[in-house]
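Model the full structure from these sequences, guided by the hints.
Number of protein chains: 2
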Amino acid sequence: MEKAGAEAGAGAPEGVRVPSVKLKRHFERGHYDAETRNAILDESLVGHLAVVLDGFPVVVPTTYARVGETLYLHGSSKNRALRAAAGKPACFEVTILDGLVYAASAFNHSMNYRSVVVYATCESVTDETEKSSALSAIVDRFEDGRSTKLRPDTPDELRQTMVIKLPLDHASSKVRSGPPGDDLDDLADGTFVGVVPLQTFAGEQLAAPRSRADAVILPGRLRLG
Amino acid sequence: MEKAGAEAGAGAPEGVRVPSVKLKRHFERGHYDAETRNAILDESLVGHLAVVLDGFPVVVPTTYARVGETLYLHGSSKNRALRAAAGKPACFEVTILDGLVYAASAFNHSMNYRSVVVYATCESVTDETEKSSALSAIVDRFEDGRSTKLRPDTPDELRQTMVIKLPLDHASSKVRSGPPGDDLDDLADGTFVGVVPLQTFAGEQLAAPRSRADAVILPGRLRLG
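These protein sequences, in sequence, are chains A and B. This note's numbering numbers the first residue of the first sequence as 150 and each following residue consecutively. This note's numbering numbers the first residue of the second sequence as 150 and each following residue consecutively.
There could be a bad hint or two in this list.
Note that identical chains are pooled: a pair holds if it fits in a single copy or bridges any two copies.
Said to hold, decoys possible - In silico BS3-like pairs for lysine-lysine, Cα to Cα no more than 30 Å straight-line:
| no. | residue 1 | residue 2 |
| --- | --- | --- |
| 1 | 298 | 173 |
| 2 | 280 | 298 |
| 3 | 323 | 173 |
| 4 | 227 | 280 |
| 5 | 298 | 171 |
| 6 | 227 | 171 |
The set of hints was computed from the structure by calculation and includes no laboratory data.
Take a look at the structure:
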């Protein structure tokens, strides 16, 4: 999946260089395999799409779905950043924060995390079948198979919704785990050194008044808190 | 704090227009007060810095600290994106995912979240006192007052660390909360409609072997899971 430093790859406009996905430092944190990448993308529910609008980078937080080697994002057809993204260079980034790393020196504090960065030229999805499949994949992030339980989108809903896709061929993952790396000689009395793991949990489900079921099958790795 | 649509504001290069922070849709989700903004910035531990490198937007996930009306980020002095950010237009974005919103129609699914978007021209912090204060503020995100317990950074550590700052005068917050907005007439049998709240919890603290304390005061709203 990794093609570092390609000139004008990923469908970028001529003269625009796709950034290298190769880590320049902390090489041990870099992963370029699809398995690591997909596990992170399939666990996180929110990613961060960056596009350039009139010279300024603009970041849009959004949910998404991965289908094979393609990421699908959706939003309102009126969303300025999404509209601008079509045909333009973009960066999509996902970070899962796994823990806080408390070191003996301020310098060596860190975080445990798993992140993915994707560089791509966004493409607007206009094929009706692909668009419907993408929207189903996105709603299925909320609950496995949920799209099959709901009525189909109406033509008007589809018109109001824009779907864009990003190929995953310029992507890399970065993972830090484990304890702080520093020398405990720096340790001051009464100072905790180690890791505080973090995890996201689901709270009690708040059913709408006329909801006909009181439980949803939580997606991915989500567990009740 | 909000100055929508300013031309070449926030220290942007001439001809570059700072994006408006005014929401164009879902007006009810937009907040422009410092209190809402600061609460989100002070709770989240990770944000997403976007800068433009050779025509491509690049997103860097990073921790940060807010001091008054200024955000401070830090990283390795060799970090290409951080180095490029100095003097350049940037977008810094923070999202806290509060829940999944299950609607009766796929179209009305949503997420409950609190997000902040900041547009600014990044400035490299070279003043030694300001740089040290910023680094203390960042390590204090891990534990209140932690910087006072640790030895000072060495001159070499300070050389290896770059600090950049972003003013908060072009920022906006976006908040969605509450149940799905759709018509329950769409509801299919056995389909949950409502909200699954999400929260991040801290797990058991993993002390390093020679750590001289077994507890850290968790930052912000973090609670034990």
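Checked hints:
no. : hint      : verdict
1   : 298 / 173 : neither (47 Å within a copy, 32 Å between copies)
2   : 280 / 298 : within (18 Å within a copy, 55 Å between copies)
3   : 323 / 173 : within (12 Å within a copy, 35 Å between copies)
4   : 227 / 280 : within (17 Å within a copy, 42 Å between copies)
5   : 298 / 171 : neither (42 Å within a copy, 37 Å between copies)
6   : 227 / 171 : between (35 Å within a copy, 15 Å between copies)
The structure shown violates the earlier hints numbered 1, 5.
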